[in-house]
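Read off the chains here:
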Amino acid sequence: MSQAADATHAHAPTSTGIEHKKLIMWLFLASDCMFFGTLISTHLLYRKLYPTGFTDAEGHQQFIQKLFNIELTSFSTFILLMSSFLMALAVSAMHKGQLKSFRRNVLGVIFFGLIFLGCQVYEFTHFYHLGLTIQNSVFGSTLYVLTGTHGTHVAIGVLWLILLYFYSFTGKLTGHMAGLDVEVAGLYWHFVDIVWIIIFTVVYLIEYLGPSGFWGTGLPLAQ
Amino acid sequence: MSDAVAHDPDFLTEEVRRYHHFITLALWLAAITGAEIVLIFLPVPMPIVLTVLSLMSAIKFFAVILWFMHLIYDHKLLFWIFMCGLVLAFATYAALLSLFSVQDIDTKWFS
Amino acid sequence: MSHDSHHAPVADKMELAPERSDLGLFRPDRTRGFFDWLTTVDHKKIGIMYGAFAMLFFLVGGVEALAIRTQLARPDNDFVTARMYNQLFTMHGTTMIFLGVMPLSAAFFNFLVPLQIGARDVAFPRLNAFSLWTFVAGAMVLNGSWLFEFAHLAGWFDNFAWHKALVYTDFVPANGWFSYAPLSGTFGQANAALQAPRFTGVGTDFWIIGIQILGIASLAASFNFICTIVNMRAKGMTMMRLPVFTWMALVTSILIILAFPAITVALIELMFDRQFGANFFNPSAGGQPVLWQHLFWIFGHPEVYILVLPAMGIVSEILPTFSGKALFGYPIVVFSGAVIGFLGFAVWSHHMFTTGLGPIPTAAFALLTMAIAVPTGVKIFNWLGTIWGGRIRFTPPMVLALGFIWMFMCGGFSGVMHSAAPADAQQQDSYFVIAHFHYVLLGGVLLGLMGGLYFWFPKIFGRMPNAGIAYLATGMVILGFNLAFGPMHYLGLAGQPRRTHTYHAGNGWETWNYVATIGAFILGLGVFLAFVNLVYTAFKGVKCASDPWNGRTLEWSLPSPVPEYNFARSPIIATRDAFFEHKHGVQKLAYENDGGEAGVHMPSQSWFPLLAGTGFLIIGFGMPMMAMGVPHAGWMVVSGLGVLFFGIWLWALEGPGGYMLKTPDDPHGAAAQAKAAASAY
Numbered sequence: 000m001s002q003a004a005d006a007t008h009a010h011a012p013t014s015t016g017i018e019h020k021k022l023i024m025w026l027f028l029a030s031d032c033m034f035f036g037t038l039i040s041t042h043l044l045y046r047k048l049y050p051t052g053f054t055d056a057e058g059h060q061q062f063i064q065k066l067f068n069i070e071l072t073s074f075s076t077f078i079l080l081m082s083s084f085l086m087a088l089a090v091s092a093m094h095k096g097q098l099k100s101f102r103r104n105v106l107g108v109i110f111f112g113l114i115f116l117g118c119q120v121y122e123f124t125h126f127y128h129l130g131l132t133i134q135n136s137v138f139g140s141t142l143y144v145l146t147g148t149h150g151t152h153v154a155i156g157v158l159w160l161i162l163l164y165f166y167s168f169t170g171k172l173t174g175h176m177a178g179l180d181v182e183v184a185g186l187y188w189h190f191v192d193i194v195w196i197i198i199f200t201v202v203y204l205i206e207y208l209g210p211s212g213f214w215g216t217g218l219p220l221a222q
Numbered sequence: 000m001s002d003a004v005a006h007d008p009d010f011l012t013e014e015v016r017r018y019h020h021f022i023t024l025a026l027w028l029a030a031i032t033g034a035e036i037v038l039i040f041l042p043v044p045m046p047i048v049l050t051v052l053s054l055m056s057a058i059k060f061f062a063v064i065l066w067f068m069h070l071i072y073d074h075k076l077l078f079w080i081f082m083c084g085l086v087l088a089f090a091t092y093a094a095l096l097s098l099f100s101v102q103d104i105d106t107k108w109f110s
Numbered sequence: 000m001s002h003d004s005h006h007a008p009v010a011d012k013m014e015l016a017p018e019r020s021d022l023g024l025f026r027p028d029r030t031r032g033f034f035d036w037l038t039t040v041d042h043k044k045i046g047i048m049y050g051a052f053a054m055l056f057f058l059v060g061g062v063e064a065l066a067i068r069t070q071l072a073r074p075d076n077d078f079v080t081a082r083m084y085n086q087l088f089t090m091h092g093t094t095m096i097f098l099g100v101m102p103l104s105a106a107f108f109n110f111l112v113p114l115q116i117g118a119r120d121v122a123f124p125r126l127n128a129f130s131l132w133t134f135v136a137g138a139m140v141l142n143g144s145w146l147f148e149f150a151h152l153a154g155w156f157d158n159f160a161w162h163k164a165l166v167y168t169d170f171v172p173a174n175g176w177f178s179y180a181p182l183s184g185t186f187g188q189a190n191a192a193l194q195a196p197r198f199t200g201v202g203t204d205f206w207i208i209g210i211q212i213l214g215i216a217s218l219a220a221s222f223n224f225i226c227t228i229v230n231m232r233a234k235g236m237t238m239m240r241l242p243v244f245t246w247m248a249l250v251t252s253i254l255i256i257l258a259f260p261a262i263t264v265a266l267i268e269l270m271f272d273r274q275f276g277a278n279f280f281n282p283s284a285g286g287q288p289v290l291w292q293h294l295f296w297i298f299g300h301p302e303v304y305i306l307v308l309p310a311m312g313i314v315s316e317i318l319p320t321f322s323g324k325a326l327f328g329y330p331i332v333v334f335s336g337a338v339i340g341f342l343g344f345a346v347w348s349h350h351m352f353t354t355g356l357g358p359i360p361t362a363a364f365a366l367l368t369m370a371i372a373v374p375t376g377v378k379i380f381n382w383l384g385t386i387w388g389g390r391i392r393f394t395p396p397m398v399l400a401l402g403f404i405w406m407f408m409c410g411g412f413s414g415v416m417h418s419a420a421p422a423d424a425q426q427q428d429s430y431f432v433i434a435h436f437h438y439v440l441l442g443g444v445l446l447g448l449m450g451g452l453y454f455w456f457p458k459i460f461g462r463m464p465n466a467g468i469a470y471l472a473t474g475m476v477i478l479g480f481n482l483a484f485g486p487m488h489y490l491g492l493a494g495q496p497r498r499t500h501t502y503h504a505g506n507g508w509e510t511w512n513y514v515a516t517i518g519a520f521i522l523g524l525g526v527f528l529a530f531v532n533l534v535y536t537a538f539k540g541v542k543c544a545s546d547p548w549n550g551r552t553l554e555w556s557l558p559s560p561v562p563e564y565n566f567a568r569s570p571i572i573a574t575r576d577a578f579f580e581h582k583h584g585v586q587k588l589a590y591e592n593d594g595g596e597a598g599v600h601m602p603s604q605s606w607f608p609l610l611a612g613t614g615f616l617i618i619g620f621g622m623p624m625m626a627m628g629v630p631h632a633g634w635m636v637v638s639g640l641g642v643l644f645f646g647i648w649l650w651a652l653e654g655p656g657g658y659m660l661k662t663p664d665d666p667h668g669a670a671a672q673a674k675a676a677a678s679a680y
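Protein chains in written order, with numbering that gives the first Met the number 0: chain P, 0 to 222; chain D, 0 to 110; chain V, 0 to 680.
There could be a bad hint or two in this list.
So the derived label-pair ranges between C-beta atoms look like this [what the hints assert, rightly or not]:
id: 1; chain 1: V; residue 1: Met239; chain 2: D; residue 2: Asp73; range: 40 to 48 Å
id: 2; chain 1: D; residue 1: Asp103; chain 2: V; residue 2: Ser638; range: 39 to 47 Å
id: 3; chain 1: V; residue 1: Ala51; chain 2: D; residue 2: Leu54; range: 33 to 41 Å
Calculated pairs, SDA-like style, for lysine to any residue (alpha carbon to alpha carbon, straight line, at most 25 Å) [claimed, not checked]:
id: 4; chain 1: P; residue 1: Lys65; chain 2: D; residue 2: Leu41
id: 5; chain 1: P; residue 1: Lys20; chain 2: V; residue 2: Phe645
id: 6; chain 1: P; residue 1: Lys47; chain 2: V; residue 2: Met351
Far from chain P, some chain V residues (derived; all Cβ distances over 12 Å) [stated by the list, open to error]:
id: 7; residue: Trp155
id: 8; residue: Ala363
id: 9; residue: Ile379
id: 10; residue: Ile391
id: 11; residue: Ile617
For the record, the hints were derived by calculation from the structure and aren't laboratory data. Just so it is clear, CB atoms sit at the ideal spot from N, CA and C, and this is done for glycine as well.
Using the sequences and the accompanying hints, generate a full structural model.
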C-alpha cells in the first residue's frame with residue numbers, strides 16, 4: 000500500500016515523460032534568455048552609440064582596452080568552464096548514487112564558483128580604481144549592472160549548491176528524486192556558464208578587435 | 000532512473016561513456032576559449048575575426064547545452080522550449096540594436 | 000528518500016493523523032476555515048481567492064476612473080488637483096491591468112485548467128499558492144502608496160525629519176502606467192550620496208517595486224501552468240483535444256514568461272538610476288530615455304495580448320455551448336491564437352511612431368501591426384461560423400460573449416487605424432488612443448471575463464446567479480461603456496490630449512466629455528451591480544445542477560461545487576468535447592481505475608508560500624521607505640529578503656508530503672466504463 004502511494008507520488012507519469020522539475024527549469028532558462036538578452040543588448044546598444052568608451056571623473060577619455068584586464072577575465076572564464084565540467088560530473092555521480100563522488104565534485108563547483116566571484120569582485124575594484132564608477136558614465140552603469148547581475152546569478156547558484164552539499168549529509172538525498180534535484184541545479188549552473196560565454200565574447204573580447212576595438216574610434220589613454 | 004535502474008549494467012556503461020564525453024568536452028571548451036583569446040590579438044581582418052569568434056562562441060554554447068545540460072539525450076521538447084527563448088531574445092534585441100544609430104547622437108551635450 | 004504519504008487513505012482530510020514534515024513541524028493539512036484558506040494549495044481555492052481580489056481591485060480601479068471622469072466632466076474643473084489627477088490615471092491603469100484583469104484571468108486559469116485537462120491539481124501546488132500570495136503582496140504595496148499619500152495629506156508625517164528633507168512629497172505613482180523616462184528617472188550628476196536629481200518622488204519607487212513583485216507572481220504562475228498543461232493531461236487528452244480556453248492559457252503563459260523579463264530588467268535599470276545614480280536613462284550622462292520606451296513596450300505589447308487572449312479563450316467556450324455546435328475551425332482558432340502571441344513580440348514600436356524612429360523602422364512596425372489584425376480577424380470569422388446555423392440560447396454569458404465579438408471588433412478597427420503611422424501621428428497621445436484601448440479592454444476583455452464569471456459561477460459555487468440582474472448589469476455595462484468611450488473617438492480626433500487634468504472651454508469638447516462621464520457612471524454601476532450580485536450568489540444564490548448549461552468540456556461532468564480531488568476517477572479522453580460526446584454522441588467517457596478505496600494522492604498544504612509572499616511584502620514597503628529616507632528602512636529590505644529566503648528554504652526542506660484521499664464510487668458508473676475501456680485500450 001505504501002509502495003502504491005510511493006508509486007503514485009514519486010513516479011506519477013507525465014504526459015511527455017519529462018519530469019515536472021526538469022520541464023519547469025528549462026522554461027525558466029528560456030525566460031532567463033530574454034532577461035539576459037535585455038541586459039546584454041542594453042550594454043551593446045550604448046557601446047554602439049558611444050564608441051569612445053567613457054570619461055572618468057577628471058574628464059579624461061578612457062580607452063576600454065586599457066581598463067579591461069583580459070588575462071584576469073580569461074582566467075575567470077576558464078574557472079567557470081571548469082566548474083561546469085565538475086557540475087556535470089556531480090550530476091553524473093548523483094545519478095549513479097555515488098554520494099561521496101557527488102560531494103567532492105559539488106565542493107569543486109562551489110570552490111570554483113567562489114573563485115569566479117572573487118575574480119569579479121577584484122575586477123570591479125580594479126575598474127573602480129581606474130576611475131570607472133556606476134555613476135560617472137553610461138558604460139559603467141551597463142557594465143557593472145550586467146556583470147553584477149550575472150555575478151548575482153552565480154552567487155545564488157553557489158548558495159544553492161552549498162545547501163545541497165549540506166543536505167547530502169542528512170541522508171535524505173537518495174534515489175531518483177535526488178538525481179533529479181541535482182540535475183536541475185546543474186542545469187541552472189550550466190546556464191549561468193553559457194551566459195558568461197556570451198558576455199565574455201561580446202563585452203570583453205570584442206573590445207580588443209583591431210587597434211581601437213570593434214566599436215570604432217577608441218581614443219588613447221590621456222597622458 | 001530509480002535505484003533499481005541505477006544498478007543496471009547498460010545504464011552504467013552509458014554513464015561511463017558520458018563521463019569520458021565530459022572530460023573531452025571540457026578540454027575542447029578550454030582549448031577553444033584559449034584559441035579565441037589568441038585570435039583577437041592576431042593581425043587578421045576584423046570581419047574574419049568576428050565570424051570566427053561568433054562561430055566559436057556558438058560552438059561552446061551549443062556544446063554545453065547539448066552535452067553538459069543533456070539536451071541531446073533528452074526529449075526534443077526541452078530543446079525547442081529553450082530555442083524559443085534564445086531565438087526570440089536574439090531576434091528582438093538584434094532589432095532593438097538596429098533601431099539605434101550613432102548618427103542620431105549629439106555628443107556635445109554630455110561628454 | 001523520505002515520503003510522508005504512507006498513511007491509510009482517508010475519506011476526509013480531517014481524519015488524517017497529525018503529521019510532521021521533514022522539518023519536524025506539523026503540516027497544516029487538518030486546518031479549516033481561515034487557516035485552511037491561508038495554507039491551501041488547492042487550485043480551486045486559489046482561483047477563488049484570485050477572483051475575489053481581482054473583483055475588489057476592479058472596484059478600486061473603477062473608483063479611480065470615476066474620479067477622473069468627474070474631474071473631466073466640465074472644463075476648468077477643480078474636483079482634484081493636477082497631481083492627484085496624475086496619480087489617479089496612473090493607478091487606474093496599473094490597478095486595472097495588473098490587479099484587475101490579470102488576476103481575474105489567473106482565477107479562471109487556476110480553477111479551470113486542471114479540470115479541463117482531466118488533472119487533479121497543477122504541477123506545483125505550493126508554487127501556485129506562492130504566486131497568489133506574492134500577487135497579494137504586490138497589490139498591497141501598490142495600493143499602500145495611497146495610504147502614505149493620505150497620511151501625508153493629513154499631515155501625519157509633518158514632524159518627521161525624513162519628511163522635512165523630502166524634495167518631492169508625492170507618494171503615489173503618477174507617471175502613467177508606463178512610467179516613461181526621463182520623467183521617472185534622473186538627470187544631471189549624481190552627488191556623493193548617490194542622489195541624482197530626479198523629477199518625481201517616492202511614488203515612482205512604489206510603482207517600480209510593486210510591478211516587480213507582481214511580475215514575479217505572474218512568472219511563477221505561468222511556469223506552473225505551462226508545466227501543467229504540457230505534462231498533466233489525462234490519458235488520451237492530446238494537445239488538439241484541449242479546450243480552446245486551455246490553449247489560450249498556454250499561449251498566455253508562454254507570452255508572460257518571455258515578455259516579463261524585459262520589464263524586469265527595465266525596472267532594475269530604472270531602480271539603479273534612481274537609487275544608485277546609474278545612467279541608463281539619464282540624458283545628462285548620455286542615457287537614452289527612449290530606451291525605456293523600447294524595453295517597456297517589448298514587454299507592454301505582448302502584455303496586451305496577455306490581457307486579451309484569456310478572454311478570447313472564454314468566448315471560444317461560451318459560443319459553442321450556447322449555439323449547440325462545436326467551435327468552427329478549432330485548429331485554425333488555436334493556430335491563430337499562437338500566431339497572435341508570436342507576432343505580438345514584433346510590433347512593439349507601434350507605441351512609438353512619434354519618437355522619430357525613421358521611415359524604415361516605422362514602415363516595418365506598421366506593416367507587422369496590420370498583419371496582426373489577420374489572425375484576430377480569422378478568430379472572429381470562426382466565432383461567427385460557430386454561431387451560424389446554431390440553436391442560440393441568449394443566456395447572460397452568451398449575451399456577453401456576443402458583445403465581446405462586436406465591441407472588440409470596434410476596438411480592432413480603431414487599432415488598425417493606429418497602425419497607419421501617418422494617421423497615428425495625430426492620434427498619438429489623444430483621446431482616440433483611450434477610446435481604442437478601452438474598446439478592446441472593456442468591450443473585449445471585460446465583457447469576456449464577465450461572461451466567464453456568469454458561465455462558470457454555477458460550477459465554482461453550485462449556485463446560479465439571477466438572470467434578470469445579470470441582463471440588467473450587462474445592459475448597463477454595454478450601454479455605459481459605449482456612452483463613455485464612443486465619444487472619445489471624436490474627442491481624440493478633435494484634438495483632446497490624454498493625461499491632462501483639465502481642459503479649457505471653447506474647443507468643442509465639453510458636451511462629449513459630459514456625456515462620457517455619465518456613461519462612466521452607468522458603467523460603474525453596472526459592474527458594481529454585477530459583482531455584488533455575484534458575491535451574494537456565492538453565499539446565498541439559488542442552487543443549481545452540475546451541468547446547467549449543457550456544457551461541452553470536462554469540468555461540467557463534475558459535481559458543483561467541485562470536490563477537492565476533482566475527478567473521482569481520472570477520465571480517459573477519446574475525442575474533443577469529450578463530455579458533450581458522452582452525453583449526446585456515441586463516444587462515452589471512459590475512466591481509469593484509480594481512486595476509490597485506494598484513494599488518490601493529494602498534495603499537502605503549507606505555510607511557506609505565504610511566508611515567502613510576506614517577504615515580498617516587507618521588501619515592497621522597505622524599498623520605497625529607503626527612498627523616502629526613513630531611518631533604518633534598509634534593514635526592512637534586508638529582513639524582507641531574509642523572510643523570503645527562509646520561506647523558500649523551509650519550503651524546499653519540508654518535502655512534498657501528501658496524503659491519500661478516498662474518492663466515492665463514480666456516479667457515472669466508472670467501474671463499468673473502466674471495464675469497457677480496458678477492453679478498448
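Verification of the hints:
At about 24 Å, the beta-carbon gap between Met239/V and Asp73/D misses the expected band of 40 to 48 Å. The given range of 39 to 47 Å is respected by Asp103/D and Ser638/V, whose C-beta atoms sit roughly 46 Å from each other. For the pair Ala51/V and Leu54/D, the supplied restraint of 33 to 41 Å is violated, since their beta-carbon distance comes to about 55 Å. Distance restraint check for Lys65/P and Leu41/D: the Cα-Cα separation of roughly 18 Å lies within the 25 Å cut-off, and the hinted pair is therefore satisfied.
With a C-alpha separation of about 21 Å, the suggested pairing of Lys20/P with Phe645/V holds against the 25 Å cut-off. A C-alpha spacing of about 21 Å is found between Lys47/P and Met351/V, which places the hinted pair at or below 25 Å, so the restraint holds. Every CB of chain P is more than 12 Å from the CB of Trp155/V (nearest about 34 Å), matching its label as outside the interface. Once the 12 Å rule is applied to beta carbons, Ala363/V is consistent with being away from chain P; the minimum gap is 18 Å.
At the 12 Å boundary, the C-beta of Ile379/V stays outside the reach of chain P, the nearest C-beta of that chain being 30 Å off. The non-interface label for Ile391/V is consistent with chain P: the shortest C-beta to C-beta separation is roughly 36 Å, beyond 12 Å. The Cβ of Ile617/V lies farther than 12 Å from every Cβ of chain P, with a closest approach of about 20 Å, so its non-interface assignment holds.
Checked against the numbered hints above, the structure breaks hints 1, 3 and satisfies the rest.
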